[in-house]
Structure formats: structure tokens, C-alpha cells
Amino acid sequence: MALPEAEAGAPPQAGHVIVFLAMAAFAAAATNRVMDAILPQMALEFGTTIGSVAFVATAYAVAYGAFQVVFGPLGDRFGAFRVILWACMASSVATLACALSGTLHGIAVARFLSGVSAAAIVPLSLAWVGHAIPHEDRQPVLARFMSSQILGLLAGQIGGGVMGEMFGWRSTFLLLAAVYVIAIAGLMTARRRGAADMGSGPGGDRAVRRALRSYRRLLGDPVVRFVLFAVSLEALAMFGAFTYVGAALNVRFGFDFATVGAYLATFCIGGLVYVSQSRRLYALLGNRRLPFVGTLIVAACYLGLAVNTVGWVTAPLIALLGLGFYMLHNTMQTMATEMAPDMRGSAMAIFATCYFLAQAIGVQVGGQMIDRAGFGLLFAVAAVLLVALGALLLVAMPRQLRTRAGTAGKAA
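Once you know that position 316 of the sequence shown is 334 in our numbering, the rest is easy, because the numbers rise by one and skip nothing.
Just so you know, these hints were derived from the structure itself, not from any lab.
Since this is a predicted model, take the numbers as computed values, not measurements.
It cannot be assumed that every hint is accurate.
[Claimed, not checked] Ranges of calculated distance between the beta carbons of each label pair, as one might list FRET restraints:
#, residue 1, residue 2, range
1, Ile168, Phe64, 43 to 49 Å
2, Val328, Arg234, 50 to 56 Å
3, Gly120, Ala406, 38 to 44 Å
4, Gly272, Ile168, 27 to 33 Å
5, Val293, Leu118, 34 to 40 Å
6, Val293, Arg270, 16 to 22 Å
For every residue, glycine included, the Cβ atom is placed at its ideal position computed from N, Cα and C.
Model the full assembly from the supplied sequences, consistent with the hints where possible.
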């Protein structure tokens, strides 16, 4: 997560700001995925089933997704830096409330409020970087900033298991609240030094009206609707099942929660393999076959998880699951950046909203399936849906989107 204090050609104080923006993004990502490892712990403490506590996991994703489209206009209206700072303050309080609440419904409300505020952090941080960092220096800065989210996902999965095993699941939220507090302190120091003025300034009420017109226009475009349907199906199937992989390891094989976290972290290893080989994979498969092969890999892994009876085998299956997922999702992200080039910011916001809301629906439905029929059926259904999505992208991707995504993919 560490970032240099300043990039070449960038204002020196910008480097300090980006460190603390990255820290906040790290905490937001970790808060999202921490539930993968601690759901069984919460179910045990409150004496209920895993499916019955699923709404605690979905509360964050619902809010995080729904409010993506809200904070862009608010950042334009009041200034990105100011809204980010407010969001970090609210996130720290809500995350602390997750640790202190004595009821599942109280935790769910705190998780929802945490998701509302955290939704501002990444998109407005990207907007701030876009204004504060010269174009020729921006790409490496953004790459380093985005790595903080990957590390946050990894820390959420490992830390949720390890911290939960050693100190109880509430300790994970206490630690994440502390990370937010450090980020707040750094951002407030930067504001006193004038860094807040480097980002976008207030844009007036017209920013909100422009955003509403943009969203209406986007939803009227069949290419945009295709991408939004595809990413919704991806998120519903992928994370409706993956959220419960940790619970399956605990229930089926009796793994302690630290071991569960370590196994889940192999998912990120598969993602890193994809990142290192993405150019070669794209050159070999192209922009339509790449996501199709990715869905075949994910489906095979989910079917393997459905029938597997040997504990250690799940580690390579989860790693391959990560590889296949990033083959699919990177293509989806590339499609999203090109589905409406003249309204890219609004397009990415609505793409993120569909992605996270579909995750929440998938997790809730998956929890009900587990309570009624067990883990095997959930993993098998996810496999079927993802293969169907891969086939859809292979044969039905709109021609103009295929051209745009292909061009973008070659340049990646």
C-alpha cells in the first residue's frame, strides 16, 4: 500500500495526499471482503445459520453500489477532497459501530452506513488525482493507488480469519476503524497545507442536473444495457457463491478461521498471475474468447468445490478461481470504459452500481440456498450461470462494443 511521497512532475504535497487516499481505499476494500471469513464466526456467536446472517454481508454491498452514482455529482458540487474527508469520518464511526453493536440488525445498519460513506472514497479519489496530477504522470500514480484496493481485499480475507481466530471477529472492525482514523489525520494535515485546493472545485447545482441527464441517456443505449446486464449476471453468480467458500471450508473440513482466511487469500494469487500474464493471454485468446475461457475455469473450480472432499485441494481451486475471474472481469471493465466514451465517468459509476447491487442480491439468494440445500447446489448453480455468461459474451457481444473493447484491450 505504500506510495512514494511524490511522483516526478507532480506537486510534492500530492504524494502525501495519495498515501492517505490509498489508505482509505484499502480500508474500504477490506471492509467489503472481511465478511467472507467471519460469517461463520458471527453465526456461531448469535446462534443462527450462515444464511440467516447473510444480510449483514449484503448491507455494505447494497449501500456501496447504490451510492456510487450519488457521490460523483456531490464531488462536483462541493469539491472531491472535502467529500472524501467527510466520507472517511463517517466510515470510521460506522465501522466502529460494527464492532460495538450487540445485535445482528445493529451490525447490518452500521454496515449499510459504512457502505454509504465508503462509496465516495475510490471514485472521488480518482477524480482528485485526475485534477491534481499532470497527465504524463497520472498512470503510474493510479496504478499504485489501485493496488491499495487489491491489498485491501487480500487483507480483508486473511485478516478477517486471523484476527477473528485470535481476538474475535469484532477486532477486525476495530482495526479497520483505526486505519480510517489514520487516513483522516493525514488528509486533515494535507488540507491545512493547501492540498485540498489542488482537486476539483465546487461545480454548482448544474453538476447534479448534468448527472441525471447522463444516466437517462446511458440507460437508453442498448450497448450500455448489454454491458450492465452482463456485469450484473457476473457479480450475482460469482460473489453469490464466493462469499460462502470460507463458510464451506469451516463447515466441511473443520478449518479454523485463520486457515480459512489463508485459503481465501489464494484467490488474489490467481489474480496476480492474470495481471502478470494478461498481455499474453489477450494475444492468445482475444477479447471474446478470453472471458469465455475465464468462465470455463471459474465454472470448473466451482464444480470442484461442490464435490471436493479433500481439504487441501481447495487452495489450488480457489487460486484458479481467481485467475478465471480476473480473465472475465478485466474484460468486463474494459467493455465498461468503452461502452459510452463521451460519458465515461457516468458510465463507470452506473457500471459499479450494477456490479455491487448484483453482488448483494447474489449473497442474499446464496445464503437462502445454503440453508435449504447446502453448499454443493449453490456452487453448481453459479458454475452454470457463469458459463452461460461466457457464451453470451462469445456470441452476442455487440459489434461496435467488440471493436472498441478489442482496441482498448490491445492497448492495455
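Results for each hint:
1. Separated by about 31 Å at the C-beta atoms, isoleucine 168 and phenylalanine 64 break the suggested range of 43 to 49 Å.
2. Separation of valine 328 from arginine 234 is about 53 Å and conforms to the stated range, judged on CB atoms against 50 to 56 Å.
3. For glycine 120 paired with alanine 406, a C-beta distance near 43 Å keeps the hint of 38 to 44 Å intact.
4. Taken as a hint, the range 27 to 33 Å holds for the pair glycine 272 and isoleucine 168, whose Cβ atoms sit roughly 30 Å apart.
5. Valine 293 and leucine 118 have their C-beta atoms about 38 Å apart, which keeps the hinted 34 to 40 Å range intact.
6. Distance hint check for valine 293 and arginine 270: the Cβ-Cβ separation is about 31 Å, which falls outside the suggested range of 16 to 22 Å.
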